[in-house]
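Chains A and B are the protein sequences, given in the same order.
Residue 172 in the working numbering sits at position 172 of the first sequence, and the numbers go up by one each step.
Position in the second sequence counted from 1, then plus 1000, gives you the working numbering.
Certain hints may be false.
What the hints assert, rightly or not - To give a feel for the contact side, a few chain A residues facing chain B, derived at Cβ under 8 angstroms:
#: 1; residue: ALA79
#: 2; residue: ASN80
#: 3; residue: PHE88
#: 4; residue: SER90
#: 5; residue: HIS96
#: 6; residue: MET157
#: 7; residue: LEU171
#: 8; residue: PRO248
#: 9; residue: ALA309
#: 10; residue: GLY312
#: 11; residue: GLN313
As the list claims (entries may be wrong) - Only pairs whose alpha carbons sit at most 25 angstroms apart, straight line, appear in this in silico BS3-like list of lysine-lysine:
#: 12; chain 1: A; residue 1: LYS108; chain 2: B; residue 2: LYS1475
#: 13; chain 1: B; residue 1: LYS1475; chain 2: A; residue 2: LYS24
#: 14; chain 1: B; residue 1: LYS1464; chain 2: A; residue 2: LYS108
#: 15; chain 1: B; residue 1: LYS1380; chain 2: A; residue 2: LYS75
#: 16; chain 1: B; residue 1: LYS1464; chain 2: A; residue 2: LYS75
#: 17; chain 1: B; residue 1: LYS1464; chain 2: A; residue 2: LYS111
#: 18; chain 1: A; residue 1: LYS81; chain 2: A; residue 2: LYS35
#: 19; chain 1: B; residue 1: LYS1384; chain 2: A; residue 2: LYS22
#: 20; chain 1: B; residue 1: LYS1384; chain 2: A; residue 2: LYS110
#: 21; chain 1: B; residue 1: LYS1380; chain 2: A; residue 2: LYS81
#: 22; chain 1: A; residue 1: LYS22; chain 2: B; residue 2: LYS1464
#: 23; chain 1: A; residue 1: LYS276; chain 2: A; residue 2: LYS235
#: 24; chain 1: A; residue 1: LYS22; chain 2: B; residue 2: LYS1475
#: 25; chain 1: B; residue 1: LYS1464; chain 2: A; residue 2: LYS81
#: 26; chain 1: B; residue 1: LYS1475; chain 2: A; residue 2: LYS75
#: 27; chain 1: B; residue 1: LYS1015; chain 2: A; residue 2: LYS75
Think of the hints as simulated: they come from the structure by calculation, not from any bench.
Predicted model, so just to flag it, every value in this text is computed and none were measured.
All residues carry an ideal CB built from backbone N, CA and C; glycine is no exception.
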Amino acid sequence: MNSKSVSLKNITKEFTDDQGNKVKAVNDVNLTIEKGEFATLLGPSGCGKTTTLRMIAGFEELSYGDIYFGEQNVKDVAANKRDCTMVFQSYALFPHMSVYENIIYGLKIKKLSDSELDKRVEPVIEIMNLDVHRDKMPNQLSGGQQQRVALARALVMEPSVLLFDEPLSNLDAKLRVTMRDEIRRVQQKVGITAIYVTHDQSEAMSLSDKIVVMNEGRIEQIGSAMEIYQRPTSKFISDFIGSANFLPSKVSQVDSNQLKVIYSNNELLVSQKNAKEFKVGQQVEVVIRPESIHVSDEGDFEGKVVKSAFMGQTQEYELEFNGTILQAVVSNPSGGKIYAEGEKVAISFAQSSLHVVPSA
Amino acid sequence: MLRDYYQNYIRPLFKQPLLLLMVSLIMLSLITFIAYPLFKIFIVSFTSEGSFSLAGYQRVLSGGELFTSLVNSLVLAIIVATLSTVIAYFFAYTFAYIAVPFKKIFNGIAILPLISPPFVIALSAILLFGRGGFISEMIFGIENANIYGLHGLVLVQTLSFFPVGFLVLSGLLRSISPALEEASDNLGASRWETFKKVTLPLSIPGIANAYLLVFIQSMADFGNPMTIGGNYNTVAREIYLQAVGSYNMQAGAALAMLLLTITLVVFSIQKFWVGKKSYVTVTGKPTSDRKMIGKGKLRGFMIGTCYSLSATVMLFYLLVPVGSFIRLWGIDNSFTLDHYKFVFSIGQKAIVDTLQLSLIATPIGGLIAMIIAFLIVRKKFAGKKAMESVSMLSIAIPGTVIGISYILAFNAPPLAITGTALIIIAAFIIRSMPIGIRSGITALQQIDPSIEEASTNLGASGRKTFFAIVLPLIKPAFFSALIYTFVKSMTAMSAVIFLISARYNLITASILSQVESGRIGVASAYSTLLIIIMVISLLLLNFSVKFFSYERKAKKRMKKNKITTDSASISN
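Can you build the whole structure from these sequences, using the hints too?
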């Protein structure tokens, strides 16, 4: 496999909307994906992730910027000459061709000899478990099977880069998890560079070496799943990845890797690696994940239960804390005490799980 | 802005030489055969003896024969559109809401008029109600019955055009979600109240649509007024008489401009105003099937009416073949093959010419329609909007207007091609193209563009993608465009009647001259031939659409793989 790295340098896509205004669907994006890495472009719809992917594939022309596969600038390479194959959201199987004909379509265009063709196709059919389906037509296959054909068709081309455009969004929830694992397994087995577009955070987190969160045409943050969840750089990301509570606060003290903030007369201590980026007196938001709120009889702060719902695995609370409603999730509620609506409770936060982002 | 436009619309043309070639060729043909002739007719209508003049319009609007024809056409169109819409709605409602036995046959009747020769119904009306007519004289004993005139036209046009309205309305009624009516039912409304307060208001855009479409058809109709109009002169006929009869080109052009203006205005209203008013929304949620009314007194009445109306239409079509075997209808009712002998001896040239020209026009027309549809749906290039509107616009241009404009445009250099086969073929193609384009567009829109992208992504060139992926997927549309072009060309009259010459004669023109000289038998024989050709083509179309669709391929494999599929489902 001749896997290559992919670099996007200042790529921008401009278009003119119906009112004649210029809109930047992708705005000055810089990104490098290493050889063999699995990177996910994650973001809400309209954030520019699909446009970025389509520019990499060559379906959209760049307004500005360059795209490199390895050392080669592919900006002016036509879509059908680019060494990257794509798995489409709708699978885009050719409905008038059998599974086998679909898979060999690209190799036939390359004019491979029959023996070479077999050498490439058979192992892929093998790992994708498609042998029994090879003579069927696409509309005789289930969604998951069609998905595997689409992936096989892309894999046999042995491209430098494999592209995925929300490939699992048409599958039901259970199959989505199975296929997700399958994609990751195959990608690691062949060691190919993969770029994957999705709006589903659990997909992104379970698949990726690197998650690229996009919003309004720009990259908001790049990092591993854990980095992005634990140390989001903005309010948007903390809200978009997982669920989060925000306490509007003011910075009162800045140390080398910790901050003191005031939230309506309550002082909170937050460990923060980039503490130096904040200034005393700055308006910030403290991010608290629902699972890092402890609800008990005794604790640091006082609150009131507004809503309490038993969900089986968890107990979900809405807590009023000095005018802010906090969502809290307590695991395994059957083992402990459950508070009812209207009850006064004590709230504490695990200090290590608190995180500060600038106010939007 | 300019840079954007260059990048998105002009640069792609120069990056793909094949695309550039296609676009230029098509643009050139559209300009030559649609835009230029219309421009010419516009100029001529304002010119007298080489200088600007309103004399033509003055002649038309100052009263007299020309003005009467205009008023007559409007009156006729209003009556026919009203009647046809009412009948069409009745039909459409019956078929959408009531369990009707043998529904499929009636769908066939609905598309008959779209492809039938333009005056079959008029011919049988003469056979039934004319002098010596089957009903008028033999049953009611009326001698010298007169079917010619407004009443005859109303009868004939309504029977010919209500199916157009039916197609529009049944499509609309089918797309109304049954859930809306169930909701009304659930809230306590009776069936009549539900109809009055839910179904009818929701179908108003469709009713307007049907009305306007029939209106245009009636205005533009040439064959029926020529055969059965009698003293009731209509505008399409008058244009022909002015241009070919008295060779008054200026008056003819002015009248044609007025007719064109009316049809274009009505077409625009239909397309841009009514078209946007639709309440029917596609939600993508599967709607349950409507529960058909299976009993009730009204049901019997409605089915009965529909059956008898359909039977009437069928009778009208069947009468023509019968008439073709009768020596002199109403006077000497003996069996004869003389009419066919005439048709296949002296009249043979018209058949050969028509077949020849139609067969040349068919592949060109079908392919051009598919290419234009593909360019419109999938490609970005400068001038796309213009290409789309001009090619679709020709559906709203009455045939007689095209006919007179071709005489004006192509009688003199630089393009003196009247009398040649080329101009007739061009007229055939231009007249049938919009429908082909539309079916191509519909077919392409149902194909996910990412299928073509996938082909590109796997290394295929633009041409390879078109031939290996696009064309196989739109094969049914391609074949229907081919058949439609053929049928439409075989039965064309209004435009080409201006263009025939000693060198090329056409079946429809021969029928007309036979009718004019009172030889209904020969006219019937020609029409019967046309009907047979039409029926064969339709069967062929039906067969080919089924044969070439890839679903069939899948079914075939399904049978072959029955065993493997079963074992596969176990392993899954």
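Hint by hint, here is what the structure shows:
1. ALA79: Hint holds; A:ALA79 Cβ to chain B Cβ min 5 angstroms, cut 8 angstroms.
2. ASN80: Given a least distance of 5 angstroms, the restraint on A:ASN80 holds.
3. PHE88: Holds - the Cβ of A:PHE88 comes within 8 angstroms of chain B, reaching about 4 angstroms at its closest.
4. SER90: Nearest chain B Cβ about 5 angstroms off; hint holds.
5. HIS96: 4 angstroms, holds
6. MET157: This hint holds: A:MET157 lies near chain B, its Cβ roughly 6 angstroms from the closest one there, short of 8 angstroms.
7. LEU171: 14 angstroms, violated
8. PRO248: Because about 41 angstroms separates A:PRO248 from the closest Cβ in chain B, which is outside the 8 angstroms limit, the hint is violated.
9. ALA309: 30 angstroms, violated
10. GLY312: With a closest approach of 31 angstroms, the A:GLY312 hint is violated.
11. GLN313: 30 angstroms, violated
12. A:LYS108 / B:LYS1475: The given pair, whose Cα atoms are some 23 angstroms apart, holds under the 25 angstroms limit.
13. B:LYS1475 / A:LYS24: 39 angstroms, violated
14. B:LYS1464 / A:LYS108: 12 angstroms, holds
15. B:LYS1380 / A:LYS75: Holds, at about 20 angstroms.
16. B:LYS1464 / A:LYS75: With Cα atoms ~23 angstroms apart, B:LYS1464 and A:LYS75 stay inside 25 angstroms; holds.
17. B:LYS1464 / A:LYS111: 13 angstroms, holds
18. A:LYS81 / A:LYS35: Since the Cα atoms of A:LYS81 and A:LYS35 sit roughly 20 angstroms apart, the hinted pair holds (cutoff 25 angstroms).
19. B:LYS1384 / A:LYS22: Holds: B:LYS1384 and A:LYS22 sit about 22 angstroms apart, inside 25 angstroms.
20. B:LYS1384 / A:LYS110: 33 angstroms, violated
21. B:LYS1380 / A:LYS81: Within the cut-off at roughly 20 angstroms; holds.
22. A:LYS22 / B:LYS1464: Status violated; Cα separation ~35 angstroms.
23. A:LYS276 / A:LYS235: This hinted pair holds, its Cα atoms lying about 18 angstroms apart.
24. A:LYS22 / B:LYS1475: 40 angstroms, violated
25. B:LYS1464 / A:LYS81: 14 angstroms, holds
26. B:LYS1475 / A:LYS75: Distance of about 35 angstroms is beyond 25 angstroms: violated.
27. B:LYS1015 / A:LYS75: Given pair B:LYS1015, A:LYS75 holds - Cα atoms ~14 angstroms apart, limit 25 angstroms.
The structure is inconsistent with the numbered hints 7, 8, 9, 10, 11, 13, 20, 22, 24 and 26, although it conforms to all the rest.
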